[in-house]
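Chemist: Okay, here's what each chain looks like letter by letter:
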Amino acid sequence: MSTIDTDEDVIDNDEPVLSMENVSVEYQDESLLESALPDSVTDRLGMGEEPVHAVDDVSLEIGEEDVVVLIGESGSGKTTLGRTAIGLQEPTAGSVKYRGYDIEAVERGEHAGEVYAEDIRRALQIVHQDSDAALNPYRTIRSQLAEPLKLWYPTMDLNDRQERISTMLQTTGIAPPEDYMERYPHELSGGEKQRVAIIRAMLLEPDLILADEVVSALDVSLRIDIMDLLLDLQEMFGTSYLFVSHNLTNARYIADKADGRIAVMYLGRIVEVGSADDIINDPSHPYTQILKWASLPLDPDEARETITDESPMMSDEAPDPRNIPSGCRFHTTCPKAHEVCTEVDPDLIGGEEREHRAACFREEPTHEYWDSESIHGGDREIPL
Amino acid sequence: MSESEFATGRPQENRDTVLEVRDATVTYEMGRGQARVLNEINLDIYRGETLGIVGESGSGKSMFASTLMDAVEEPGRLQGSITYYPDEGDPIDITELEGGDTKRLRWEEIALVSQGAMSSFNPTKPIRTHFEETLSAHNADKDEGMERARSIMRDLNLDPDAILDEYQHELSGGQRQRALVALGLLLEPDVLILDEPTAALDLLMQRSILRLLYTIKEEYDITLIVISHDLPVVSGFVDRLGVMYAFEFVELGETRDVMHEGAHPYTRALLRSTPNLAMAVDDIATIEGSSPDPINIPSGCSYSPRCPIADDRCTIEDPELIELEDDHDVACFYPDRARKELPVSLSEDDSE
Amino acid sequence: MGTGESPAEKDDESPFRSQSDYDATAMDIYEVVFGRWVVAPLRVLWSDYRGRFGLLLVTFYVLVGTVGVVVIPEPSVDPINRLLSPLEQPDLRYLLGSDGVGRGLLPLMAHATPKMLKMMLAGAIFGNTLGVVVGLVSGYTGGNTDKILMTVTDVVASIPALPLLLILAAIIEPRNPYLIGVILTVQAWAGLARGIRAQVLPLRNVEYVEASRTMGQSTSTVLMKQVLPDLLPLVTLRFMSTARSVIFASVGLYFLGLLPYTSANWGVVLNSAYENSNILASFENAHWLLVPALTIAMLTFGLTLLAQAFDQVFNPRVRARHEARKADVEEDIDETDIEEGGVSQLGFQQ
Amino acid sequence: MGYLRNRLLQAVITLYSIITLGFVFIRMMPGSPSAYLRAEIQQNPGAYGLPPNPTLEQINDVMQTQMNYTPGPIWEKYISYMQGAVQGDFGTSVIVDPGASNVQLILEAAPWTIFISSAGLVYGLVAGIVLGSLMAYYEGSKMDVGLTVSMLAASSVPYYIVAILLLFLFSYNLEWFPTGGRFNTNTTPGFNYPFIAGVFNHAALPILSGITIGFGGNALSLRANSIRLLGEEHIRNAELRGLSTYTISTRYLARNAILPMYTGIVLGLAGLIGGSIILEEIFVYRGMGKLMYDATVQRDFPLMTTSLIFTTVIFVAGTLIADFTYSLIDPRAEQSSMG
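Protein chains in written order, with numbering that gives the first Met the number 0: chain A, 0 to 383; chain B, 0 to 351; chain C, 0 to 349; chain D, 0 to 338.
Don't read these hints as lab results, they were simulated from the structure.
There's no promise every hint is true.
[Said to hold, decoys possible] For the chain D half of the interface with chain B, some residues (derived, Cβ under 10 Å), not all of them:
no., residue
1, Leu239
2, Arg240
3, Gly241
4, Tyr251
5, Asn255
6, Ile328
7, Asp329
8, Pro330
Because the structure is a prediction, the values reported are computed rather than measured.
Cβ atoms here follow ideal geometry from the backbone N, Cα and C, with glycine treated the same way.
Pulled out of the complex, with its shape left as it was, chain A reads as follows (with noise of 0.2 Å):
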């Protein structure tokens, strides 16, 4: 059944993990209602809305040991692009490679003898954000834990199993680990509950896992803690990862310790992508500005000073992935947009040579942005 050398990696060739190359996901919403008749009814009947363009022409590359952060408010595709990368979400353009090998194709059955869709399946796995919808409420610990271990080591005898569960609870900081085996999962804190998700994608032993914003529902002074567990265990197992996140403190702190990089999102595509310190410390993008303007001093002199600001945002509205703007789709609420932005959709400026790049004209000091005029009568300044 399964051919997977549990050792060493499927393939061992110098392509990344996983490549993302110019992946777009469009989905159309059906309602519950519509769903009760054929789809050839209600095509000639023309329900259903505009679609939804929720990842448009993205790429990106995670290596080995990687972290990458996806960043952005909700409705910018970053769960999207998170779930399309580990395959629980077609792309409806692009294509997604895992380790060179484009994985819809290996799940034609192309490459056979090379790499199966199984061993692909198992490298790329996920952590959700909801730790209560994480885990079953009506199975134990133990017996989730146990799930992947009789999926891909069948011969393991029931001790073994619970062996390796005990000392992995162990190991993450869930003592004692027979009193947990044996819990429901409404008998642990959430930040427990978090740790038993993780472990449970760890025993898979995987190359890459999603890790979709898995602090953002805990408190706040766990989330370090829950970060700190991903990296220890990546240096264990050296998995790599996908963190998503709509909180830029979090996403600097995990991408800062891990030497990773930091994309953001804005309705479907990365506008920005670079180190921790370049998005932190040297925003490009506007829009990145504005993320790091929004993000809350600690320090409450600075917070004090800063809490009157005006927005420097040009529109409150959030953005719709249905109706995406024409040109930069960032100009609606871009307080340094200028008219060649109402009609020039920019890419991400930079070139493969440069690790932070931004889909900015700006960042062209000869584009012509810079003779175009302000659509707002002039630029204004994001405090920062």
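Fit chains B, C and D to the known structure of chain A by using the hints.
Modeler: Chains B, C and D alone, transformed into the frame defined by chain A:
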């Protein structure tokens, strides 16, 4: 501006108390013993101030909010006294009030914007109904009241004509939160309690709500109590800060004092464990251990099992919340050691 | 292929490499399974007054249907002992009195029981299996399969049960109790299928189901291990209520004489009493009416109670308290009590 | 308005299926009805316009006309059957009332059944809501436990047993109510007091039995819904805002607790109409139930299937009405109710 007031950082003389909490304790009877979910709280809340309360989940913050309105739910039992000093007239012990008087006090004098903003409206009634019901329950003039509601909503950047006829599920998270604040201000209360006012909101919405709340506070001249587990939410917003741990206050004082010169080991650990952009990443650190459960609170100082500077005394004797400096109370035997041995710097270049 | 055996050590200290020096025996596994699936549910049921009473009632009927029919003599016509009141004669046969032709009511009731139990079992198993399968497949697969299955389900659910059963009974004229059970639930599954689907639909995308899928579990395992446990409360509730409705309908149809005649059936006895208007006209022979009425009502009541109590069996909060555990674990359980006591509603958790 | 379209389409599919099923059932009719008819004709040839001791051929002729034996392949019969169905023609009764239009027979009987069923439904609902609210309000008290057990008992005892016991007690022994019939035969049907009083007198026990079909279950679900609601944030918020207990219990609790039961109420009506088969037989109440019973006992298949189709129509219509009105009373309908 209050900014200059704040900058002086010193308590003003003759502060006027609006709520006085004495020995407030909330217990739950369980099959196997008693759970204390609020433990002998003593606190004065001053008229016109903004008081922030921070602490981890289950530290008793929200319970404290319920206590201020004498709204602890069954089978919880509240002991102690909570005295409300109205602008004019005699002080009232809230816990002694009955029936109609409790009803009147709630919302007319003290209102609460609870953390469940996402489901705080009756899902089958439009937002307008909630305002009208509240007015008629308190025998207020409906036309005048609705006019006030509209003006509050406009102050909160909400379009009353659109919002009032919507249902809860038709509003965005930010709109719901603001509509709930407007409902809280409807009867012009003296005290408004905001429980996690920005939880579950996006970064930008969070920021704009905090700004609105800050300006509203100036305009409506109310006492605000802001409860959050997220220090940055309150740090720029509140005049005084109370830190709760294991169902009691462990530190209380001017926000600047508590944050820059926190004297309780927990406060200092909490600051270090808060992800932020300014501190060096390596200075950010988690708090070891986990908070106690309400049935089984450690003897002595409840923080002692997690405290790096705790000694034998801490495990036996429970430190009281006592005044350390002017208007800065701490419940720790070793405030000086805490400051010296547990360094915290709020920004990279700021080394104390 | 067994790749599970001790993969080449990447790191001896790694927590993933740890192994036990003790091998699990079949007995260990049996103990765990038995404790979890038999002892714990029974303890939970027993702790609830409805469960205890329901369990006793239903067990009583099962005993009568199995042991009782051996002990109690078969009913026979006896013109001498007509219309005896209960306890009038010191004879096991006439313990509950006798009917208009001198048959003892106790034998009549007892010997009708096995058939009733067979009907209930067959109906409940058939109706629920069909309902669960259709609901699960429809809800989990989605797409056109879902649409087609739900259209069929909606049609079936829209047909009033009793009129349909009348026609089917008239066409098929079933005598086999299992067949009768199946016919009587030929419409009832549709309601369950709808209910199951409604529960599965949100579960399909719930995080722990997705995690299981991402792990590489096959669809059938995900359904069995992740989805089904959540559905068990509904399924058992419906199992009991389907069993109950089989009794309702079969007794009703026998009462009306619309199922092929059989001498020993509660409904038939009820009918013979009802038809006998001199019985109805006085209280004297009320037992002829009351004994079958109570026999039917007590079983349906028992099933209702059991159905209600079964909800608790699957509630992990209740269950946790009844599963065999080490004593020190029990200490922690009171946290749950606090939550149930309402503290969590006050925002105690956040 | 896609929703509306969907529901209508679903209703059409359902009706089409049930009518087709009716056709299939008539085809599947076993030998017994023709044997039954044959025996009838032999016993009483006069009623069929035949001389005494008719020949086999004569009987066959009559049977052919009576039982709608039209020659031709099956699909032709199906088409002509469906054409008739579209025009509201479901054939004639063959045995119960030979030659009478099935639809006519049902339409004559239906009002009586709908009368007792809807009365039973409404009273059962009111009783359920009142008791359920009481139980929720006093949750955990002795009264709650006692009522819960009683409601469980009420919902688990078959309604026809209740009916028989009621009949036994109130009609035969106490003689408060008649033992059968729809009205006093010595009154003139019309809008006059003796007649109407008689109608209610006769309907009392059937209605009372009908109440027991639903009210236990209603009370228990209302109790469960209310208790679940009590834990919700908006109820607490309403309490803190100082709303009166009355306002909270009516506008916040009761209303929102009844909403999820709304669609189920229609199902209750269908259950009652189905249940009328047994009830009407017990009370010798000549409504649709009795008609269906007679048709079944005498194996009058055309009448049986038409009755089945008719009750399905009532049910489908009820569901449609419930679905369309639900969105009026619950603003969240488009989002949540269509599970």
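Chemist: Broken hints, numbered, in rising order?
Modeler: none
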